[in-house]
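Engineer: The listed protein sequences derive, respectively, from chains L and X.
For the first sequence, the numbering used here assigns the number 335 to the initial residue and increments by one for each residue that follows.
For the second sequence, the numbering used here assigns the number 79 to the initial residue and increments by one for each residue that follows.
Do not take every clue at face value.
Here are the simulated DSS-like pairs of lysine-lysine, each with C-alpha atoms no more than 27 angstroms apart in a straight line [what the hints assert, rightly or not]: (1) X:Lys175 / X:Lys271; (2) L:Lys820 / L:Lys587; (3) X:Lys143 / L:Lys718; (4) L:Lys571 / X:Lys119; (5) X:Lys347 / L:Lys381; (6) X:Lys133 / L:Lys505; (7) L:Lys571 / X:Lys133; (8) X:Lys94 / X:Lys150; (9) L:Lys571 / X:Lys81; (10) L:Lys571 / L:Lys497; (11) L:Lys764 / X:Lys309; (12) X:Lys338 / L:Lys667; (13) X:Lys214 / X:Lys224; (14) L:Lys571 / X:Lys150; (15) X:Lys271 / X:Lys347; (16) X:Lys94 / L:Lys569; (17) L:Lys721 / L:Lys667; (18) X:Lys107 / L:Lys586; (19) L:Lys586 / X:Lys175; (20) X:Lys94 / X:Lys119; (21) X:Lys143 / L:Lys764; (22) L:Lys381 / X:Lys150; (23) L:Lys381 / X:Lys119; (24) L:Lys718 / X:Lys200; (25) X:Lys311 / L:Lys587; (26) L:Lys587 / X:Lys81; (27) X:Lys200 / X:Lys150; (28) X:Lys271 / L:Lys569; (29) L:Lys571 / X:Lys199; (30) L:Lys770 / X:Lys311; (31) L:Lys764 / X:Lys85; (32) X:Lys119 / X:Lys81; (33) X:Lys214 / X:Lys107; (34) X:Lys133 / X:Lys200; (35) X:Lys119 / X:Lys200; (36) X:Lys338 / L:Lys569; (37) X:Lys85 / X:Lys133; (38) L:Lys468 / L:Lys361; (39) L:Lys587 / X:Lys133.
Hints in this document: simulated from the structure, not taken from any laboratory.
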Amino acid sequence: MENIIEYLKEERAQDWRNELRKGMKAKERTSRIRVSMPEEDPDVRNKSRIEVNIGLAAENAVLEAQRCIDCPDPTCITGCPVGINIPKFIKKIEAEDFAGAAVTLKETNALPAVCGRVCPQEKQCELNCFYTVKLKKTPVAIGHLERFAADWERNSGQMAVPKTEKLNNIKVAVIGSGPAGLAAAGDLAKFGYDVTVFEALHEIGGVLKYGIPEFRLPNELVDTEIEIMRQMGIKFKTNFIVGKTASFDDLKKDGFQAFFVGSGAGLPRFMNIPGENYNGIFSSNEYLTRVNLMNAADPEYDTPVISGNSVAVIGGGNTAMDSVRTAKRLGAKDSMIIYRRSEAEMPARIEEVKHAKEEGIIFMNLHSPLEYYADENGRVNRMKVQKMELGTPDSSGRRRPVPIEGSEFMVDVDTVVVSVGVSPNPLIPKALANLKVTDWGTIVVDKDSMQSSIPEVFAGGDIVRGGATVILAMGDGRTAAAGMHKYIQEKIKAN
Amino acid sequence: MSKIIEKEFFSKNVVKLVLEAPEIARSRKPGHFVIIKIGEKGERIPLTIAAANEKEGTITLVVQKVGVTTAKLFELEVGDEISDVVGPLGQATHIEKVGTVLCAGGGVGVAPMLPIVEGLKKAGNRVITILAARTKDLIILEEQMKEHSDEVIIMTDDGSYGRQGLVTAGMEEVINREKVNMAVTIGPAIMMKFAALTTKKYNIETVASLNTIMVDGTGMCGACRVNVGGKTKFVCVDGPEFDAHQVDFDEMLSRLGAYKDQEVAAYQKYLETVEV
Ligand SMILES: Cc1cc2nc3c(=O)[nH]c(=O)nc-3n(C[C@H](O)[C@H](O)[C@H](O)COP(=O)(O)OP(=O)(O)OC[C@H]3O[C@@H](n4cnc5c(N)ncnc54)[C@H](O)[C@@H]3O)c2cc1C
Ligand SMILES: Cc1cc2nc3c(=O)[nH]c(=O)nc-3n(C[C@H](O)[C@H](O)[C@H](O)COP(=O)(O)OP(=O)(O)OC[C@H]3O[C@@H](n4cnc5c(N)ncnc54)[C@H](O)[C@@H]3O)c2cc1C
Ligand code: SF4
Ligand code: SF4
Ligand code: FES
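Bound conformation, chain L alone:
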């Protein structure tokens, strides 16, 4: 920690930073209002897959960057799970050195274009910004600026391929190609390892591909990042399920010395209420996979999806918002959220809730489904819901929803998406008899190295945390890469 503070101080003391600080009075900076993100018209975007946020124009990015007062003690950084040097990259934008801003981001974050779009900034960096904490004003738009710099670099056509150490010919395996796996693979390649990423699906990217829709995170952007990783020498093997296609022992025989498990929390939960297996009732994983991964809404593609007229999505997280907005885009007249708590408790990013409302999504907060009914073909046609009220806080600190007796009523629906959470993917724990897991099925690791109970197996992301975030998964991937490096180097020394 000491040296990080020292490093930040040194960086801040550089001439160019001093110049910039002197260039404008703090008072003037703080009197500005936050530039707003231009967005597609809600009535246009809710019928298409175009991205909702258009991105800041360069002059507006510079204006917003000027709001940042380059704090001597930048509290924003404490809110960022990967510790991006936030004032430095923002000041690079102010100085119109956009390429330099992108380089700064990539010092600690392999996928800034992704994080700038999907991080829950309001709970992380921006929550800890001086503006939020001390001035009680809207924070510097750190996420929008991060996205701006990353997009600028990508659009410039000159994306830097990160430097890697000379190949040491030690084979390491990364299992799962979600953000945790990609982050681990990137760092392992930088250390010089011969990295192979194994992915069960036919596409690379994990939730970034099959879960988060294009209107929030275009696939092309993820593909560009993966292309860079290929140029770093990382190998990708799709359609390969570790534990099924090959066992850990098979891979060890093939020469792999250490493993990073980033297999995610891919298992959908259902509520186990009557009628939940009727046709037209999906898990959000199935619904989003059909649309995002299999492109089911495009008639040119073979996979079908049901596009309902009256769609209810159960839940209040990012997955629920993505599902309900997808349903709208597939042509639903009524697309509604049914959430058992109130808006204040919703785990979804605030921006997504705002966008959903603009797009005409109906919010039935403080409601919970009790039972589904179907027509003679077994297709869901109605659901019984019950009103809820908020009681005392539960273990998560959120107020517990309590059913109101006698408040049940019927809602006509023809499609339901159940989005009440996921459980850890059991494939890997099942494939490794000695692996220590919690009662929830998450892999137990040492927090500093992400090493599991099996010395050569490291893990991170949702398989360790349960459902978490992209940036936490990436942070774990990086910590694990460092842990694996240390483990392998010590093993070499010992021999």
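Once you've looked at the hints, dock chain X with the ligands against the given chain L.
Structural biologist: Just chain X with the ligands now, with coordinates in the frame of chain L:
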């Protein structure tokens, strides 16, 4: 990518394909399946691994043409590549010597039943196989089944081939004739339902291999869910084989029809494009 090494028609609508898939060949056990996808725009569909050769690094699929994806598969020739093949998936079949086993298959279930019949026979069981279909043209794999069964009984609804009647009539006949220790049924849900009701009457342990709609095949989506003994199970990871007397076939039947209209429309459209 998996290259097609061999292609042999068993009949107009049934083809055997041998694919290059060394890792799957090394890991698979009888009862496992793969998911394949043809090209960028293709759908993911499950197919049972009928056989494998670890030395050659190949797996064998036996496929019946029923819709767009299976039709596309039929068009591929030796030397062509299937863009995506993933597996082995599911739980392996529990095959042991129990005595006499009655295997009842129909429709899309006959192809995936072939490796089970073969396995049961190899384990030393007396295997009696019943193949059922609406009409003569729809009876498939008769020769291959004969090779691995002690007896093959053909049943057609219209009596155009073998005996006239439903699969259950054939089953009752065998059960009344000799001691049956176990039954296996694979086919349309409605057929499995009545097969299960039949064996239940006689208290014969029965396994059904369920061919639900699937997407990922790894437990991630829940498309394949069925109700077994009052609990929701995922066929791709918990199955595909279950105690037939516990399966809610009515629910499964209904779920299989979820995309019927789209599937029929897509196949029509496909046939038009092929003709042009
Ligand atoms: C719809 C949706 C929206 C979300 N929105 C946000 C958001 O806005 N912001 C945010 O921060 N977070 C969001 N999240 C959460 C975030 O996406 C996850 O926390 C994050 O993706 C976890 O990363 P991971 O690498 O651990 O796992 P995943 O992204 O789940 O990737 C795991 C990968 O491993 C593969 N795999 C599993 N087992 C094996 C095996 N045995 N062999 C080979 N491959 C295997 C899987 O196929 C998968 O591709 C969202 C999640 C969803 C589902
Ligand atoms: C675990 C498992 C193993 C299987 N093994 C084999 C195999 O070895 N060989 C083989 O030929 N098939 C097998 N199947 C069935 C095969 O997956 C389907 O026939 C295939 O998905 C059809 O795809 P399609 O696009 O050609 O037809 P679609 O357009 O999807 O369907 C065409 C028609 O067939 C019906 N249909 C589709 N799928 C099924 C099904 N699963 N059961 C009953 N009717 C169905 C539809 O209702 C529709 O009318 C298996 C299925 C499962 C779940
Ligand atoms: S990675 Fe996320 S938390 Fe960190 S600075 Fe960027 S938006 Fe904020
Ligand atoms: S806390 Fe806010 S104002 Fe201060 S350096 Fe960070 S972003 Fe800039
Ligand atoms: S096919 Fe998706 S869970 Fe079984």
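Engineer: All hints, please: hold or fail.
Structural biologist: Evaluation of the provided hints:
1. A distance of roughly 25 angstroms separates the Cα atoms of Lys175 of chain X and Lys271 of chain X; the hinted pair therefore holds under the 27 angstroms criterion.
2. Taking the CA atoms of Lys820 of chain L and Lys587 of chain L, the gap is about 22 angstroms. The hint holds against a cut of 27 angstroms.
3. For the hint pairing Lys143 of chain X with Lys718 of chain L, the CA-to-CA distance comes to about 41 angstroms; that exceeds 27 angstroms, so the pair is violated.
4. Taking the CA atoms of Lys571 of chain L and Lys119 of chain X, the gap is near 20 angstroms; set against the 27 angstroms cutoff, the hint holds.
5. As the CA atoms of Lys347 of chain X and Lys381 of chain L are separated by approximately 25 angstroms, the hinted pair is consistent with the 27 angstroms bound.
6. For the proposed pair Lys133 of chain X and Lys505 of chain L, the alpha carbon gap of about 25 angstroms is at most 27 angstroms, so the pair holds.
7. Between Lys571 of chain L and Lys133 of chain X, the direct Cα distance comes to roughly 22 angstroms. Compliance with the 27 angstroms bound is thereby established for this hinted pair.
8. A distance of roughly 14 angstroms separates the Cα atoms of Lys94 of chain X and Lys150 of chain X; the hinted pair therefore holds under the 27 angstroms criterion.
9. A C-alpha spacing of about 16 angstroms is found between Lys571 of chain L and Lys81 of chain X, which places the hinted pair at or below 27 angstroms, so the restraint holds.
10. Proposed proximity of Lys571 of chain L and Lys497 of chain L is supported: the alpha carbons are some 23 angstroms apart, at most 27 angstroms.
11. For the proposed pair Lys764 of chain L and Lys309 of chain X, the alpha carbon gap of about 21 angstroms is at most 27 angstroms, so the pair holds.
12. Distance restraint check for Lys338 of chain X and Lys667 of chain L: the Cα-Cα separation of roughly 23 angstroms lies within the 27 angstroms cut-off, and the hinted pair is therefore satisfied.
13. Taking the CA atoms of Lys214 of chain X and Lys224 of chain X, the gap is near 17 angstroms; set against the 27 angstroms cutoff, the hint holds.
14. Distance hint between Lys571 of chain L and Lys150 of chain X is fulfilled; the C-alpha atoms sit about 25 angstroms from each other, no more than 27 angstroms.
15. For the proposed pair Lys271 of chain X and Lys347 of chain X, the alpha carbon gap of about 32 angstroms is over 27 angstroms, so the pair is violated.
16. The straight-line distance between the Cα atoms of Lys94 of chain X and Lys569 of chain L is roughly 33 angstroms, outside the 27 angstroms bound, and the hint therefore fails.
17. Using a Cα cut-off of 27 angstroms, the hinted pair Lys721 of chain L and Lys667 of chain L holds, with the two alpha carbons roughly 23 angstroms apart.
18. The straight-line distance between the Cα atoms of Lys107 of chain X and Lys586 of chain L is roughly 21 angstroms, inside the 27 angstroms bound, and the hint therefore holds.
19. The straight-line distance between the Cα atoms of Lys586 of chain L and Lys175 of chain X is roughly 35 angstroms, outside the 27 angstroms bound, and the hint therefore fails.
20. A hinted pair counts as satisfied when its Cα atoms are at most 27 angstroms apart, and Lys94 of chain X with Lys119 of chain X qualifies at roughly 23 angstroms.
21. With a CA separation close to 35 angstroms, the supplied pair Lys143 of chain X and Lys764 of chain L exceeds the 27 angstroms bound.
22. With a C-alpha separation of about 32 angstroms, the suggested pairing of Lys381 of chain L with Lys150 of chain X is violated against the 27 angstroms cut-off.
23. Of the pairs offered as hints, the one joining Lys381 of chain L and Lys119 of chain X holds, with about 22 angstroms between alpha carbons and a cut-off of 27 angstroms not exceeded.
24. Among the hinted pairs, Lys718 of chain L with Lys200 of chain X is inconsistent with the structure: their alpha-carbon atoms are about 53 angstroms apart, more than 27 angstroms.
25. Restraint check for Lys311 of chain X and Lys587 of chain L: not satisfied, since their Cα atoms lie roughly 34 angstroms apart, outside the 27 angstroms limit.
26. For the hint linking Lys587 of chain L to Lys81 of chain X, the alpha-carbon distance of about 25 angstroms falls within 27 angstroms, and the restraint holds.
27. For the given pair, Lys200 of chain X sits about 33 angstroms from Lys150 of chain X by alpha-carbon distance, which is inconsistent with the 27 angstroms threshold.
28. As the CA atoms of Lys271 of chain X and Lys569 of chain L are separated by approximately 47 angstroms, the hinted pair breaks the 27 angstroms bound.
29. For the suggested pair Lys571 of chain L and Lys199 of chain X, the alpha carbons sit about 37 angstroms apart, so the restraint of at most 27 angstroms is broken.
30. The suggested pairing of Lys770 of chain L with Lys311 of chain X holds, with an alpha-carbon distance near 25 angstroms, which does not exceed 27 angstroms.
31. Proximity of Lys764 of chain L to Lys85 of chain X is assessed by CA-CA distance (about 36 angstroms); at most 27 angstroms being required, the pair is judged violated.
32. Distance hint between Lys119 of chain X and Lys81 of chain X is fulfilled; the C-alpha atoms sit about 19 angstroms from each other, no more than 27 angstroms.
33. As the CA atoms of Lys214 of chain X and Lys107 of chain X are separated by approximately 33 angstroms, the hinted pair breaks the 27 angstroms bound.
34. Using a Cα cut-off of 27 angstroms, the hinted pair Lys133 of chain X and Lys200 of chain X holds, with the two alpha carbons roughly 20 angstroms apart.
35. Taking the CA atoms of Lys119 of chain X and Lys200 of chain X, the gap is near 40 angstroms; set against the 27 angstroms cutoff, the hint is violated.
36. For the proposed pair Lys338 of chain X and Lys569 of chain L, the alpha carbon gap of about 40 angstroms is over 27 angstroms, so the pair is violated.
37. Taking the CA atoms of Lys85 of chain X and Lys133 of chain X, the gap is about 19 angstroms. The hint holds against a cut of 27 angstroms.
38. Note on Lys468 of chain L and Lys361 of chain L: the hinted pairing holds, with a Cα-Cα distance of about 14 angstroms set against a maximum of 27 angstroms.
39. At most 27 angstroms may separate the alpha-carbon atoms for a hinted pair to count; Lys587 of chain L and Lys133 of chain X meet this at roughly 17 angstroms.
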